[in-house]
Amino acid sequence: DVKVTQSSRYLVKRTGEKVFLECVQDMDHENMFWYRQDPGLGLRLIYFSYDVKMKEKGDIPEGYSVSREKKERFSLILESASTNQTSMYLCASSAPQSTEAFFGQGTRLTVV
Amino acid sequence: SQKIEQNSEALNIQEGKTATLTCNYTNYSPAYLQWYRQDPGRGPVFLLLIRENEKEKRKERLKVTFDTTLKQSLFHITASQPADSATYLCALDMFSGGYNKLIFGAGTRLAVHP
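First to last, the protein sequences are chains A and B. Residue 42 in the numbering used here is what sits at position 42 of the first sequence, and the numbering runs on without skipping anything. Residue 109 in the numbering used here is what sits at position 109 of the second sequence, and the numbering runs on without skipping anything.
Do not take every clue at face value.
What the hints assert, rightly or not - Below, simulated BS3-like cross-link-like pairs (lysine-lysine); rule was C-alpha separation at most 27 Å, straight line:
{"no.": "1", "chain 1": "B", "residue 1": "63", "chain 2": "B", "residue 2": "101"}
{"no.": "2", "chain 1": "B", "residue 1": "3", "chain 2": "A", "residue 2": "57"}
{"no.": "3", "chain 1": "B", "residue 1": "101", "chain 2": "A", "residue 2": "71"}
What the hints assert, rightly or not - Now the stretches of chain B that chain A is said to cover, found in silico as 3 or more residues with beta-carbon under 8 Å:
{"no.": "4", "region": "42-54"}
{"no.": "5", "region": "99-109"}
Bear in mind the hints are in silico, worked out from the structure with no lab data behind them. All residues carry an ideal CB built from backbone N, CA and C; glycine is no exception.
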């Protein structure tokens with residue numbers, strides 16, 4: 001069974017902390033994505049990567065960075081967490097040439 | 001500006017009826033359009049993909065249409081069941097620069113009542 005695994009389901013962090021959200025996929029997919037999901041706003045793309053060490057900004061990259069050192073792992077980094085980054089974070093992966101995306105179970109991050 | 005619009009209000013229907021959900025978009029030219037289902041507290045799950053040169057796609061009780069002139073997709077669930085209650089998301093599959101990027105709508109919540 002194919003899998004995208006996010007390291008935590010729930011996370012509570014303090015304002016100003018550096019936060020790492022990890023995502024691992026076992027499907028050998030080239031494409032990986034980080035979204036955040038907020039009520040009424042849907043999924044908004046933060047960053048995506050189409051190859052190891054490659055990254056592209058999505059629609060809302062401010063306050064975030066990413067790392068993709070290995071094909072199966074895509075990390076989202078909040079350099080200095082703020083309360084407006086409280087959200088559900090979803091990681092996804094897909095093969096090239098437009099196929100379905102597989103999502104992780106999500107990480108609900110609360111910044112206090 | 002670029003927009004993807006889905007009905008923001010929940011859709012309530014009776015079991016056995018057909019549910020129809022709408023996805024409209026502006027200032028995008030997607031190569032494909034995808035539909036996902038999302039249950040509370042979980043990640044979205046892929047349902048169907050339709051290409052720009054396809055008018056209609058079916059899978060069991062699901063049917064999707066794609067009108068690139070109207071810039072609209074309709075998603076139908078026939079003979080709906082309470083287990084179909086969930087939020088349904090449409091996603092534009094933008095292929096450019098050699099890679100794919102999925103842009104999602106906010107979703108429509110469907111409630112099927114017995």
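To see whether the hints hold, each was checked on the structure:
no.	hint	in the structure
1	63(B) / 101(B)	24 Å, holds
2	3(B) / 57(A)	18 Å, holds
3	101(B) / 71(A)	18 Å, holds
4	42-54	holds (count 6)
5	99-109	holds (count 9)
This entry satisfies every hint, going by the numbered hints stated previously.
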